[in-house]
Amino acid sequence: MEVNCEGCAGCCMNWRSLLEEGAGSADARGGEDETENDSRRRHRRQRDPFGGEDAEPSSREPLDDDPTFVPLTRDEVRAFLEAGMADALAPRFWHARDEAEGVEIDGHNVAAVAGRPAFFVGLRKPPKPVAPFGREEPTWLPTCVFLDPTTLQCRIHESELYPDECGAYPEYTLALAQRSECERVESAFGGDRLLEADHDDPDGMLLGPQAIGAKLFCHPRPADLEGVVDRAA
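If you read the sequence shown in full-length UniProt numbering, its first letter stands for residue 1, the second for the next number, and so on.
Hints listed in this document are in silico derivations from the structure and should not be mistaken for laboratory results.
A couple of the hints might just be wrong.
Label pairs and their calculated CB-CB ranges [as the list claims (entries may be wrong)]: (1) Gly84 / Gly167: 17 to 27 Å; (2) Cys218 / Glu160: 23 to 33 Å; (3) Pro138 / Pro220: 17 to 27 Å.
Capping the alpha-carbon separation at 20 Å, the derived lysine to aspartate or glutamate pairs in EDC-like fashion look like this [said to hold, decoys possible]: (4) Lys125 / Asp164; (5) Lys128 / Glu21; (6) Lys128 / Glu61; (7) Lys125 / Asp192; (8) Lys125 / Asp224; (9) Lys125 / Asp87; (10) Lys128 / Asp198; (11) Lys125 / Glu196; (12) Lys125 / Asp148; (13) Lys128 / Asp87; (14) Lys128 / Asp65.
Small disclaimer: the values here were computed from a predicted structure and weren't measured.
Don't be surprised by glycine CBs; every beta carbon is placed ideally from N, CA and C.
Please put together the full structure from these sequences, using the hints given.
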């Protein structure tokens, strides 16, 4: 696998609004609906924490609208907390498939395991002025908390805090036969981003039951999440 990340960082931000304002070529405008549908499929397939690698697509949708959310492992979450970086973290919850599966919190029927709301922990994406994909003027976009908005480089790339899934991207996505952000950027703005798609069988994907406690967490006290779910939605 080989990627060209220079001037991109498409996997580190939510750049969909650039399509809405007419950015890119005519091909970008023509592919807008496809991009949005691909995002929904990725939420259902790649990020569905309740199904294994061969599971059918699920109706569970995240409460948030982050198309590039990166779930951290238990050890990675602990490392950020010990480094005093709790403010850099954000949870992800899902809409339950039906009432029997979910727990009502802040007006949302949140997907749960044995009555305990299930969630990921990832990195926040505050708005930053960025100019990816060769754009001349910066635009305020939801961008990873650790991405330098000027250089479009990750500030923790060579540190011990750098998440494994970020380092493996887009290997996990390709292994699940999903379209990568590299390919979406190519379709919308041109250029070559995914230079080589061949990859080995990735380790550490943590799908299905093996994810519980390692990457997928279940809160024992749903009432404690009041206000938290509303902010995450």
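Q) For which of the previously enumerated hints does the structure constitute a violation, in increasing order of number? A) 3, 6, 7, 8, 10, 11
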